[in-house]
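Asks: Sequences listed follow chains A and B, in order.
Under numbering that gives the first Met the number 0, the first residue of the first sequence carries the number 0, and numbering increases by one thereafter.
Under numbering that gives the first Met the number 0, the first residue of the second sequence carries the number 0, and numbering increases by one thereafter.
Since the hints were made in silico from the structure, they are not lab data.
Among the clues, some could well be false.
As the list claims (entries may be wrong) - So the derived list for chain B, only partly shown, Cβ under 7 Å to chain A, looks like this:
1) Gly22
2) Gly51
3) Asp74
4) Arg80
5) Arg81
6) Met85
7) Phe87
8) Ala91
9) Phe205
10) Tyr252
What the hints assert, rightly or not - Taking CB as the label site, the calculated pair distances span:
11) B:Gly38 to A:Gly28: 19 to 29 Å
12) B:Lys15 to A:Glu236: 40 to 50 Å
13) B:Pro234 to A:Glu22: 36 to 46 Å
14) B:Lys15 to A:Ala235: 15 to 25 Å
15) A:Thr12 to B:Leu136: 51 to 61 Å
16) A:Glu236 to B:Ser231: 38 to 48 Å
Glycine included, every Cβ here is placed at the ideal spot set by N, Cα and C.
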Amino acid sequence: MTNSNPLINIIKTLQGIGHRMVERIWRLGAGARLFFLTIVYSGESFKRFHLTMREIYSTGVMSLLIIIVSAFFVGMVLALQGYNTLQKYGSSEAIGVLVSLSLVRELGPVVTALLFAGRAGTAITAEIGLMKTTEQLSAMEMMAVNPIARVVAPRFWAGVISMPILAALFSMVGILGGYIVAVPLIGVDEGAFWSQMQANVDFQSDIVNGIIKSLVFGIACTMIALFEGFDAPPTAEGVSRATTRTVVISSLTVLGLDFVLTSFMLVI
Amino acid sequence: MTNNIVEIDNLSFGYKGRLLHKGINMVFPRGKVVAIMGGSGSGKTTLLRLIGGQIKPSKGEVRVHGDVVHKQDRDGIFKLRRKMGMLFQQGALFTDLSVYENVAFPMRELTDLPNSMIHDLVLMKLNAVGLRGAYTLMPAELSGGMARRVALARAIALDPAIMMYDEPFAGLDPISMGVICSLIRSLNDALGATSIIVSHDVKETFLIADYVYFVANGVVTAEGTPDDLMKSTLPFVHQFVHGDKDGPVPFHYPAGNYQSELMKHG
Numbered sequence: 000m001t002n003s004n005p006l007i008n009i010i011k012t013l014q015g016i017g018h019r020m021v022e023r024i025w026r027l028g029a030g031a032r033l034f035f036l037t038i039v040y041s042g043e044s045f046k047r048f049h050l051t052m053r054e055i056y057s058t059g060v061m062s063l064l065i066i067i068v069s070a071f072f073v074g075m076v077l078a079l080q081g082y083n084t085l086q087k088y089g090s091s092e093a094i095g096v097l098v099s100l101s102l103v104r105e106l107g108p109v110v111t112a113l114l115f116a117g118r119a120g121t122a123i124t125a126e127i128g129l130m131k132t133t134e135q136l137s138a139m140e141m142m143a144v145n146p147i148a149r150v151v152a153p154r155f156w157a158g159v160i161s162m163p164i165l166a167a168l169f170s171m172v173g174i175l176g177g178y179i180v181a182v183p184l185i186g187v188d189e190g191a192f193w194s195q196m197q198a199n200v201d202f203q204s205d206i207v208n209g210i211i212k213s214l215v216f217g218i219a220c221t222m223i224a225l226f227e228g229f230d231a232p233p234t235a236e237g238v239s240r241a242t243t244r245t246v247v248i249s250s251l252t253v254l255g256l257d258f259v260l261t262s263f264m265l266v267i
Numbered sequence: 000m001t002n003n004i005v006e007i008d009n010l011s012f013g014y015k016g017r018l019l020h021k022g023i024n025m026v027f028p029r030g031k032v033v034a035i036m037g038g039s040g041s042g043k044t045t046l047l048r049l050i051g052g053q054i055k056p057s058k059g060e061v062r063v064h065g066d067v068v069h070k071q072d073r074d075g076i077f078k079l080r081r082k083m084g085m086l087f088q089q090g091a092l093f094t095d096l097s098v099y100e101n102v103a104f105p106m107r108e109l110t111d112l113p114n115s116m117i118h119d120l121v122l123m124k125l126n127a128v129g130l131r132g133a134y135t136l137m138p139a140e141l142s143g144g145m146a147r148r149v150a151l152a153r154a155i156a157l158d159p160a161i162m163m164y165d166e167p168f169a170g171l172d173p174i175s176m177g178v179i180c181s182l183i184r185s186l187n188d189a190l191g192a193t194s195i196i197v198s199h200d201v202k203e204t205f206l207i208a209d210y211v212y213f214v215a216n217g218v219v220t221a222e223g224t225p226d227d228l229m230k231s232t233l234p235f236v237h238q239f240v241h242g243d244k245d246g247p248v249p250f251h252y253p254a255g256n257y258q259s260e261l262m263k264h265g
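For reference, chain A alone in the conformation it holds in the complex (with noise of 0.2 Å):
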């Protein structure tokens, strides 16, 4: 209901700004907290690796075959928009550095976080704001055994373990996707496509960097899907508000990280 008074409406509309800031910034320190205490208790993450091991196959292996179709497809995208780019100057052959360097620096970290939210993600928050709803966090708790320990570790070292793996994957498929576009449907020559990739991709400044990139996507992506879905609100549209908000945050999160990653890794 509006007031008539003005001035009335505008604190109000202040307040508001006030009290969705104080939130944001308390559901960060919440996050924030979550991870630490992640780190603290992970410990039987590792004493009792097949916990992690299993979260591995359902956040890792189940997000196999939607990481490979995709890559296969950007992979051969890429391919045929660089080779249309390319042969105007006539360096077609530099096809494969283009798409191995495409794929190992940006679009393999990259989609692959993006996917990995979508997927496993979105499946995590779901499934931990459910055990909140029906209760079995509670009885973890009264059970004397810590939710943190026994659930939320397992599943974020699965995460941070599965996403580098994934995103190598990605991009060996997405390098695979591009040489059948390249060689047997092009005609590019397939010496020149491999030599190229050899002589031009750098194992430290690109491979590695790679890595850490989809490291450090690995650990936001599976923190934010593990707070999402703790911090859900124990009902029906709460769960679904958190497994949404998990994909829009983390798909922001890689992006905004992917420019602050590679800002420093031109610069280093």
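Based on these hints, arrange chain B on the given structure of chain A.
Replies: Coordinates of chain B only, in the frame set by chain A:
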């Protein structure tokens, strides 16, 4: 040494500026089945959460085996909780684990028992609730009553000294209700435990409880044995026990004048 396993002393609890409990006193003696009854939203389940140390009181204290719950650190709370078992309203079974693994969960997490012993113990607990044959099933394959019984087997997995039941009869068919009812009493007597039941099902609760507390408006409004309370002339107790539509707890949520509200849009 006091015979009371759990003591609630002058306890007040509130949140968001609303006081839910205002100086509650209760005792739960060893070996007894004690019920906490009251209408929805009267803070019965919150009392269980206060006993389990999941939330802290604003004033007063809860003592379990003489230890003040809210003054314990995390390790202390976990140590106290190992003496407790809790049956949640909807069972709270872990949906990704089978019936067997659900019952084995506390044993695997909190003890170093070998697998062979865990196997025997799980089957014994499931046998006690009549579901030994269902150990391979997943929670999604169980009926409401079966899920509640599996949750009960999990709650007694480590033979707790204190059993807490949050609305154990809610949403069950009459047969399952009867089964759960007799299980609560027989398990309490077999384990020598102390049971705290939070419920608003009068018939079933009065059948097995040794003592009953009525909670309303944040205070204990009545207490006594089921027989005493059945005969009680207190208006609230009479309304609750006999299920009267109107009484101290009104049928209507507070509202303005009915006629004028109808006329407003008429």
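Asks: Next item in the hint list is B:Arg81. Is there a CB on chain A closer than 7 Å to its CB?
Replies: holds, 5 Å
Asks: B:Phe87 was flagged as interface toward chain A. Is the shortest Cβ-Cβ separation under 7 Å?
Replies: holds, 5 Å
Asks: When the nearest CB of chain A is found for B:Met85, is that gap smaller than 7 Å?
Replies: Interface hint status for B:Met85: holds (5 Å vs cutoff 7 Å).
Asks: Do the Cβ positions of B:Gly38 and A:Gly28 conform to the proposed distance bound of 19 to 29 Å?
Replies: At roughly 37 Å between Cβ atoms, A:Gly28 and B:Gly38 fall outside 19 to 29 Å, so the hint is violated.
Asks: Restraint: B:Gly51 near chain A, CB-CB cut 7 Å. Satisfied or not?
Replies: holds, 5 Å
Asks: Given B:Gly22 as an interface hint, is the shortest Cβ-Cβ distance to chain A below 7 Å?
Replies: violated, 26 Å
Asks: Should the hint that B:Arg80 touches chain A count as held when the rule is a Cβ pair under 7 Å?
Replies: Because about 4 Å separates B:Arg80 from the closest Cβ in chain A, which is inside the 7 Å limit, the hint holds.
Asks: Against chain A, run the beta carbon of B:Asp74 and see if the smallest gap drops under 7 Å.
Replies: With a minimum Cβ separation of about 10 Å from chain A (threshold 7 Å), the hint on B:Asp74 is violated.
Asks: Regarding A:Glu236 and B:Ser231, is the given constraint of 38 to 48 Å on their beta-carbon distance met?
Replies: Given about 42 Å between the Cβ atoms, the range holds.
Asks: Quick check on a hinted range of 36 to 46 Å for B:Pro234 and A:Glu22, using CB atoms only.
Replies: Distance hint for B:Pro234, A:Glu22 holds at roughly 44 Å.
Asks: Could you say whether the range 40 to 50 Å given as a hint is met by the Cβ separation of B:Lys15 and A:Glu236?
Replies: violated, 20 Å
Asks: With 7 Å as the cut and Cβ atoms as the points, is B:Ala91 at the interface with chain A?
Replies: holds, 4 Å
In summary, the structure is inconsistent with hints 1, 3, 9, 10, 11 and 12 from the numbered list given earlier, while agreeing with the others.
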